[in-house]
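Protein chains in written order, with the numbering used here: chain A, 31 to 143; chain B, 3 to 118.
It should be emphasised that the hints constitute simulated quantities derived from the structure, not laboratory data. Using N, Cα and C, we set each Cβ at its ideal position, and we do this for glycine too. Take these hints with a grain of salt, some might be off.
Calculated from the model, a selection of chain B residues having no Cβ within reach of chain A, i.e. all distances over 10 Å [to be verified]:
{"hint": "1", "residue": "P10"}
{"hint": "2", "residue": "G18"}
{"hint": "3", "residue": "Q31"}
Heads up, simulated DMTMM-like pairs for lysine to aspartate or glutamate below, C-alpha to C-alpha not over 20 Å straight-line [as the list claims (entries may be wrong)]:
{"hint": "4", "chain 1": "A", "residue 1": "K86", "chain 2": "B", "residue 2": "D105"}
{"hint": "5", "chain 1": "A", "residue 1": "K72", "chain 2": "B", "residue 2": "E24"}
{"hint": "6", "chain 1": "B", "residue 1": "K43", "chain 2": "A", "residue 2": "E69"}
{"hint": "7", "chain 1": "A", "residue 1": "K98", "chain 2": "A", "residue 2": "D85"}
{"hint": "8", "chain 1": "B", "residue 1": "K66", "chain 2": "B", "residue 2": "E89"}
{"hint": "9", "chain 1": "A", "residue 1": "K138", "chain 2": "A", "residue 2": "D47"}
{"hint": "10", "chain 1": "A", "residue 1": "K130", "chain 2": "B", "residue 2": "E100"}
{"hint": "11", "chain 1": "B", "residue 1": "K68", "chain 2": "B", "residue 2": "E89"}
{"hint": "12", "chain 1": "A", "residue 1": "K72", "chain 2": "B", "residue 2": "E54"}
{"hint": "13", "chain 1": "B", "residue 1": "K43", "chain 2": "A", "residue 2": "D85"}
{"hint": "14", "chain 1": "A", "residue 1": "K130", "chain 2": "B", "residue 2": "E89"}
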Amino acid sequence: GESVGLHLPTLSVQEGDNSIINCAYSNSASDYFIWYKQESGKGPQFIIDIRSNMDKRQGQRVTVLLNKTVKHLSLQIAATQPGDSAVYFCAETLVGGYQKVTFGTGTKLQVIP
Amino acid sequence: GAVVSQHPSWVICKSGTSVKIECRSLDFQATTMFWYRQFPKQSLMLMATSNEGSKATYEQGVEKDKFLINHASLTLSTLTVTSAHPEDSSFYICSAREGPQPDTQYFGPGTRLTVL
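Using the sequences and the accompanying hints, generate a full structural model.
Structure (structure tokens):
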């Protein structure tokens, strides 16, 4: 059968508040990072990406911060909405050459109405 | 936008049987496709990378004779789980890459496999 499930870290946020989801990546050579959103029973959905030559990138309601010194990524979601409830994964890879994308551990975001 | 489909979306089979899962890029050509497996409350684990017209590259620990991957065209890759057992029950997700850059990679909706 399936592995005994690990429990994903959960972040509970009040609707309208800002959310910050953190991630540590493993490969210091990685130069491209992506945040994905995965709703229950669905595949991952691209949210935002950042290259290693940047330390911040903003999208619509989302901001990604990259700290290469400590191999840390964060995803900030402004004015969190119930539709933001999902599991969020950071992922790392190398730019170019069809390199594989490696997923980090996820964080479950629960938005409290 | 680029769409990747998977078929079936769920399947239940008996132990010992083989199951084939299809992954299609609907509106683009994908030279490279990736297969992931995801157990409940866990992350996606890459199983293999498949390139059109050539043999798949499997990740360490993934049995290539058990998980057969065929990427016969630029829009279709298949994963066959041979002699499935209950421990193979999982959520299988494919991903198709339109170009060399990671931001051209799109994920399918996943296939839930349950082996009885």
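These are the hints, each one checked on the structure:
Listed as a non-interface residue, P10 (chain B) keeps its Cβ farther than 10 Å from every Cβ of chain A; the least gap is roughly 13 Å. The Cβ of G18 (chain B) lies farther than 10 Å from every Cβ of chain A, with a closest approach of about 15 Å, so its non-interface assignment holds. Non-interface status of Q31 (chain B) relative to chain A is upheld: no Cβ of that chain comes within 10 Å, the nearest being about 13 Å off. At most 20 Å may separate the alpha-carbon atoms for a hinted pair to count; K86 (chain A) and D105 (chain B) meet this at roughly 17 Å.
Between K72 (chain A) and E24 (chain B) the alpha-carbon distance is near 16 Å, which keeps this suggested pair within the 20 Å criterion. Restraint check: the Cα-Cα separation between K43 (chain B) and E69 (chain A) comes to about 12 Å, which is no more than 20 Å; the hinted pair holds. Taking the CA atoms of K98 (chain A) and D85 (chain A), the gap is about 8 Å. The hint holds against a cut of 20 Å. Of the supplied pair hints, the one linking K66 (chain B) and E89 (chain B) holds, its CA atoms being roughly 16 Å apart against a limit of 20 Å.
Taking the CA atoms of K138 (chain A) and D47 (chain A), the gap is near 16 Å; set against the 20 Å cutoff, the hint holds. Using a Cα cut-off of 20 Å, the hinted pair K130 (chain A) and E100 (chain B) holds, with the two alpha carbons roughly 13 Å apart. Pair hint K68 (chain B) plus E89 (chain B) holds up; C-alpha atoms about 12 Å apart against a cutoff of 20 Å. Proposed proximity of K72 (chain A) and E54 (chain B) is contradicted: the alpha carbons are some 25 Å apart, above 20 Å.
With a C-alpha separation of about 29 Å, the suggested pairing of K43 (chain B) with D85 (chain A) is violated against the 20 Å cut-off. A distance of roughly 25 Å separates the Cα atoms of K130 (chain A) and E89 (chain B); the hinted pair therefore is violated under the 20 Å criterion.
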